[in-house]
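*Asks:* Here's the letter readout for the chains.
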Amino acid sequence: MIVDAIAFYSMAAVAVTGAVLVVTLRNAVHSALALGLSLAGVAGIFAALGADFLFAAQLLIYVGAIAVLIVFVLMLLGRASDLRLRQVNQQWAAALLICAITGVGLFHLAKLFGGIGAAAASRPTTRPLGLLMLGDYVLCFELVSLVLLAALLGAIFFSHKDAP
Amino acid sequence: MNGPAAPAVKRTGIMLSATRYWPTEIWKSPWSLPRYRAGAAWLAGILLGICAVGAAAGELSAWGGRLLALLESTGLPAYATAWIWLLFKLACVIGVIVANGLWAVWWERKISAHMQSRFGPMYAGGFHGWAQTIFDTIKLLLKEDVTPAAADRVMHALAPVIAIAPCVMAFAPVLFGTDLAAANLDIGVLYVFAFAGVSVIGVVMAGWASGNKYSLLGGLRAAAQIVSYELPRGFSVVPVLMFAGSLDLAVIDRAQAGYWLGFLPRWFIFYPVVGQLSFLFFLIASVAETNRTPFDIPEAESELVAGFHTEFSGMKWSLFFLTEYGYVLLSSFLLAVFFLGGGAAPLPGLGFIPSWIWMTGKAMLMMFVFLWFRWTFPRLRVDQLMDFNWKFLLPWCFANIGLAGLILYLLGTR
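Read top to bottom, the protein sequences are chains A and B.
Numbered according to numbering that gives the first Met the number 0, the first sequence spans residues 0 to 163.
Numbered according to numbering that gives the first Met the number 0, the second sequence spans residues 0 to 413.
Think of the hints as simulated: they come from the structure by calculation, not from any bench.
Heads up, none of these hints are tricks.
Taking lysine-lysine and the DSSO-like style, the derived pairs with C-alpha atoms no more than 30 angstroms apart in a straight line are:
1) Lys212/B x Lys160/A
2) Lys212/B x Lys138/B
3) Lys109/B x Lys138/B
4) Lys109/B x Lys142/B
5) Lys160/A x Lys390/B
6) Lys212/B x Lys142/B
Short, incomplete list of chain A residues facing chain B, as computed with Cβ under 7 angstroms:
7) Val28
8) Gly35
9) Phe52
10) Leu58
11) Val62
12) Gly63
13) Ala64
14) Val67
15) Val70
16) Phe71
17) Met74
18) Pro123
19) Thr125
Just so it is clear, CB atoms sit at the ideal spot from N, CA and C, and this is done for glycine as well.
Given the sequences, and given the hints that come with them, work out the whole structure.
*Replies:* What follows is the structure in structure tokens.
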């Protein structure tokens with residue numbers, strides 16, 4: 000379908016444009032907002048591919064919460080130099096080389112799995128996802144929850160005033 | 000004898016001066032006033048008329064189906080039909096949001112006025128100032144659009160757009176009656192919450208881009224508050240999702256049809272303890288999400304001038320208010336669908352009135368509760384707001400989910 004392709008590639012363009020803006024804009028707040036745009040583009044890619052639950056979760060968590068918190072921290076703890084900061088230093092050529100090598104490697108990896116596509120039209124994924132998470136993969140699910148809980152408690156512990 | 004003549008009737012109202020008084024005594028027996036009785040009769044007549052028109056018109060979703068069939072019979076190519084139908088639905092949703100802005104602002108003014116023993120708008124348009132908000136909109140359109148010199152121009156102009164666009168998108172799966180929604184999404188509830196949470200980026204942008212310390216503080220407060228209250232708002236409806244077994248708003252709507260014992264509707268608010276608790280939690284979190292008093296610290300007038308929209312004027316400013324009232328309407332419809340049975344009639348035998356009238360009526364009832372809240376409660380302080388959310392609301396939401404699971408386990412339905 001041509002409409003599916005238009006949706007996918009336009010959303011991919013939004014995600015990539017946002018990502019490029021994050022690392023090129025001089026104003027840190029603009030960069031944070033561009034990060035939100037990029038994450039919204041990723042959510043759009045999920046939607047274009049028919050992954051409805053992932054789309055809503057990405058939008059809810061990454062755009063609605065994480066991007067907002069990054070902007071929040073920038074505003075609360077920002078310095079005047081954040082507004083005119085150069086994003087690159089003298090090592091930009093080496094960084095570009097590493098990015099190019101990684102990009103080529105990722106491209107070859109993606110080509111390896113490029114032929115895998117959904118055979119039928121997309122259908123709602125919430126129920127199968129829930130059954131898998133609390134059925135076959137319940138141990139992994141609970142372990143991930145435990146790791147997140149530990150990270151949460153650690154953050155509270157270290158940010159507390161009386162921390163050692 | 001000198002001095003003023005004694006009044007013929009002893010007046011018990013509040014004396015303003017020797018000759019003027021505020022007639023509070025009429026509220027002791029308002030039904031004795033002919034105009035009061037006439038007004039009540041008008042109101043009852045209007046409501047009955049709406050019901051009669053609704054009963055004659057039938058379900059709006061059936062009319063939508065007929066319109067789509069008519070569009071398909073014109074011989075246009077399939078994609079053209081799909082696009083025209085999509086644009087038609089989009090126009091309907093945007094029309095609802097804009098009309099709601101006009102209606103809700105007027106209603107809020109009247110309610111706030113009556114709660115403070117005033118009249119509110121009385122002149123524009125004739126009858127109770129019904130045209131006041133229309134003239135206000137014209138004024139706002141003609142107003143000078145000021146951008147402060149210290150502002151980030153692009154961000155300042157973009158902020159209201161980023162605030163209102165997710166509001167319009169969040170309305171896609173909202174049911175205006177049984178099977179009457181712009182899009183039928185399996186993840187409806189999650190979709191609405193996801194888009195409703197994105198608007199805060201526009202608010203934060205507005206606060207930062209204005210180049211004003213009050214705006215910045217307002218934006219910061221909005222970010223902290225909305226991100227915090229999203230959690231209890233999402234978790235408070237989990238019991239409803241467990242009972243209905245789906246995230247689809249249409250399924251949740253249908254799950255509440257029918258009656259217990261032949262008269263008590265099977266609405267989720269009537270589920271013992273769990274239903275009332277989750278209704279209350281969702282209502283409180285929704286008020287906080289819409290930045291309205293008692294949770295309006297992002298725009299606290301006595302502390303922050305007007306908070307994040309201090310430096311906005313004209314249509315940019317009114318877009319923020321359109322967003323706020325859009326979210327009030329969204330929360331009202333969500334409350335109606337989740338807890339008040341959606342398009343189901345409250346008593347058996349009233350099914351001849353179509354579902355869209357029940358749905359809209361319940362949503363308007365909930366909107367009245369929102370306005371009532373705003374003009375009744377004092378504003379919370381920032382630390383009280385956060386304490387209330389993290390130490391009271393969220394733990395009890397989790398307890399409520401556990402209770403719902405226990406009920407489902409004991410009933411053995413799932």
